[in-house]
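Trainee: Protein chains in written order, with the working numbering: chain A, 663 to 986; chain B, -12 to 321; chain C, 1264 to 1761.
The list that follows gives simulated cross-link-like pairs (lysine to aspartate or glutamate, EDC-like), each with its CA atoms no further than 16 Å apart:
#, chain 1, residue 1, chain 2, residue 2
1, C, 1512, C, 1707
2, A, 886, A, 861
3, A, 848, A, 861
4, C, 1602, B, 201
5, A, 783, B, 40
6, C, 1310, C, 1349
Reference listing, derived: stretches of chain B covered by chain C, where coverage requires no fewer than 3 residues with Cβ under 8 Å from a Cβ of chain C:
#, stretch
7, 181 to 192
8, 202 to 209
Source of the hints: derived by calculation from the structure; they are not laboratory data.
For every residue, glycine included, the Cβ atom is placed at its ideal position computed from N, Cα and C.
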Amino acid sequence: MKRALSLLLALAMIGLAGCRGAPAGGDASGSPEEGAGDKPEIVVVLKTVSSQYWRFVEAGAKQAFADLGVNGTVIGPASEAQVMEQVNMLEDALSRNPDALVVAPIQPSTAIPVFERYREKGIPVILIDTDAGWPGQTTFIGTDNATAGRQGGELLASMLQPGDKVALISGALGNPATDARIKGAKAALEKAGMVVVAEQPADSDKAKAMAVMENILQTAPDVKGVFCANDDMAIGALRAIEAKGRKLPVIGTDGTLEALEAILAGSLAGTVAQRPVEMGYKGVEYALKVVKGETIPRRITVGVDLLTRDNAAEKIEFLKQITK
Amino acid sequence: MSPVPTNAAVAPDGPPRARRLSEEVRHGLGALLGLLLLCLVLTFLSDKFFTLDNLMNIARQSSVNSLLALGMLLTILTAGIDLSVGSVLALSIMTMGVVVVQWQWNPFVGIAVCLGVGTFLGWLNGLMLTKLRLPHPFISTLGTMNIARGLALIVTGAAPIAGFPEAVQYVGRAFAGPVPVSFLLVVAMYGLFHVVLTRTATGRYIYAIGSNREAARLAGIPVDRVLILVYTLSGLLAALAGLVLVGRVNSAYPLAGLGYELDAIAAVIIGGASFFGGVGTVWGTLIGALIIAVLRNGLNLLDVAADLQTVVIGAVIIVAVYLDVLRQRSRKGA
Amino acid sequence: MPLLGMRNIHKAFAGNPVLRGVDLAVNEGEVHVLLGENGAGKSTLIKILTGAYPKDQGEIWWKGRAVTIAAPIDAMRLGIAAIYQELNLVPHLSVWENLFLGQELRRVKGFPFLDRRTMRRRAVECLRLLGQDIDPDVPVSRLGIGQQQLVEIAKALVRDAKLIIMDEPTASLTDAEAEQLFATMHALRSKGVAFLYISHRLEEIRRVGDRVTVLRDGQTIATHDVRRVSAETLIEQMVGRKITEKYPKKPFVRGAEGLRVENLKRKGANHAVSFAAYQGEVLGIAGLVGAGRTELARAIFGVDPPESGRIYVFGEEVHIRSPADAIRAGMAFITEDRKREGLFLDQSLSFNVAIANLPAFKRRALLSPAKIRETAERYMRELRVRPFNCSLRARNFSGGNQQKIVLAKWLCTQAKIFLFDEPTRGIDVGAKVDVYHLINALVENGAVVILISSELPELLGMCDRILVMREGRIVADLPRGEATQERIMKAATGGMAE
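Turn these sequences into a full structure, and let the hints guide you.
Mentor: And the structure:
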């Protein structure tokens, strides 16, 4: 009797999962059987679907599904640390035999073996956000992180005097995207005559960045400006600075809502916003082109926006509208 | 004369052989039925589920956790736990990456180094538990978990290592016919450990220690030696799981295995083992690991968002253990 | 009118009667001693009184009024408090915090703010009442056991206890601490507080008690004024069972020396112990709880390796540092607490039987389940284990059958020297006789049997020679012909010889 109960429960759970999952998968995925024949099927696998940046990418992709008539789904693990889970998702997505894959790999090297399986089946692989450097990839669509960093560095330099001391807060050690940003920012700052007194990793985490900034303020109290490789860290650093009763220009990267609101409130000096929505949209758009047999370039750059008090409000409007 | 115990639900002179079988089988039966039902439901819900390709995907995807869960089962049988398996996995493969990819040593030496690092860390866990007398393996392995993870990050300054030679990738990557070699390895290890646990003195000692450590000592069982062996084996199996993982993704990265100890524990518990030691079987654990893998795979096929998947798996753990509690209660009561 | 009256109390567990009509009356302001052998029903009676067990039958009167004690809270409300050997204090909290634990006074009723000042003041008053100089702010862990016991009494007083039950309070106390306790009890007695004092120690009874009630086999035998009763009477009434064929003793011829212990000294013990045991005899070890009998067996078996001393098995010296060594030397140790130290409750009977000698069940490289089952079934038949199902878990057998499982485990090891520690405690009469038959069979086959027991009739019935221990020493060595209950009790209590 109890066993029967367990079975019932398992059943209920699956049922629930099935219902809840459908709307999240996009307009067409609720009834895969009907749309599958006439519409091309595109699977988008993101690093995660539980952070704001990736929600924007997701929103862009779904916008493209609707605009272009694609039977698509967007999936991703619960956090950006779940490398194997993402690989598993890629494998599972392969069972559905999609027409194209759009993917942002967490740890590019780990995904290459499964990419090879896509290639064997003749499914094009379009990378977004993070390049895998895999010869078989159809294209890479992303921000040029070094450029983003350089522009952020220039923005910070424009707020300071030559000779001022600045600090850099980077992402997790070995994260190529954040490393490239820091490298670009550093070059721009040094070119403008700034002195980099600290460069420390804070794992793209708000709380860690706060602790890192507290330490920097201890060791280099005369620091005049800070550049962070993402917005979460910029917010964290800002908190540490404000807690000390200081006011320093802090520049972030990404353009999250929280960062934009902080800019409007006058606490964050600025951010180098990527265009995640555009990235998601373009990913699907170009995948569709490949499916239709068109030739596309092997590298597609998505621009960045320098956001300060002057233009932050517009961006907020745009993002809020797209994620509605 | 000695009276028949009032709670004996069994007639005193029933056929012993048949009863013994049923007792053993019954133990894993609930979980097995659960797995079969899960598969049945998924087959109905998705036409992609019951295909050879997908089933082999599940076999591959379950193999890392299955190997970790086997080591975890050993520790949980002794009423212990090994929280360090995920980190041990990471440090083992990072070390192998340095040896094989950066230094270009012979790949078999690299495999030996990988297994050696895992074994050594497991041995240290055992030593801390028995010789330093740290009060509970939760503590010693929590320490090792952090140390090994930190070292795995330090080894390459957190950079992943890719480009392993074919020999290293073989277990994780190759297929024998349609069946992934990694799954065959899992079946072989489970078979081996089934024999070890049921048919060798050391195996029975593991159960004895978990069911009553003091009585085990008084029965002359070398408790410390067995415990050290158990943790050493858990480390070795973690390294083996690492080898499979490297083969699957042709890459070693320092965050590999992050949080895997929890999936391994979940597999062991869903498989009917008792957290208090002494109760649990190898096959139950394998079924537990397969249930988790099937659930994840099925939910992916059904496009269930990752955050909701986590909720479902949490619920399954609780339900599975609760059913076990009910079963125990009905057996003890009456 | 007595403070507490218990009339015709009955209690049975799973059909085994433990109390069969107990009467007890405790007056206000008296120290009433409850005397009885192990298994006489003292602790069951206490548990009924404190609401831990329900009674099957009988009445409880409190200050002349019939009352129901269905739960611990009922006993607490009446003013009955119990102090067990395992003290119930929180070591890291201060004395006064412990006194008010769970009964904290609040500044305003219903609000979480504690009235620390009043609590501390009342704690000081309470401790003063005890006539003891204990700092109320010191954490309990810094006090000695004796003082902690006094804190327990103070805790009872804070809760307005009128009757304080004390279960062998002096077992873990030094003489000086015991004196202090007695003085406090005297002081409180004059303030109308009554004590129900449980003890084996005959010498204490006169020192502390006013009246004594003797319990045996779940019945009240008699209540005496302590000043008007002799030790002999008490002992006789306490153990006074006729010894009949409950003990199927067979005569044997003493053979070779099997075990010799020379100057064995435990860690922390003041005395060394020497004795020898022979084939063909059952050597009994008598003594009160805490006399060091179990500790001696544990030292011999390597559970707690001794500090110094030598052990010889059949004339050859053996070095025992662990139970594994002892088993290799041919010893078996049937421990007192079979659930904690003997059984693997969640494992099958055959697992339990085979575990201590698994290598013997190998067939080629692997264990043979068939071989194990065969052996287990053989022992089950010999020892009459019921139900006859060797894959049933140990947990599902009754106490007597569980004890037989433990015995089978040791029989499996082919041991030559058997240390039995209270082998018949808590098992029914039929199983007891089975155990005695097994002991006979062992001796017949040339094994050396040492039997530690608190049941004097058992020792007198089964042993050829009885060693009596007191305070870690062997104080008497009585051959079967010379051993009587009185002599053993006198040696064991070390006093009250008239």
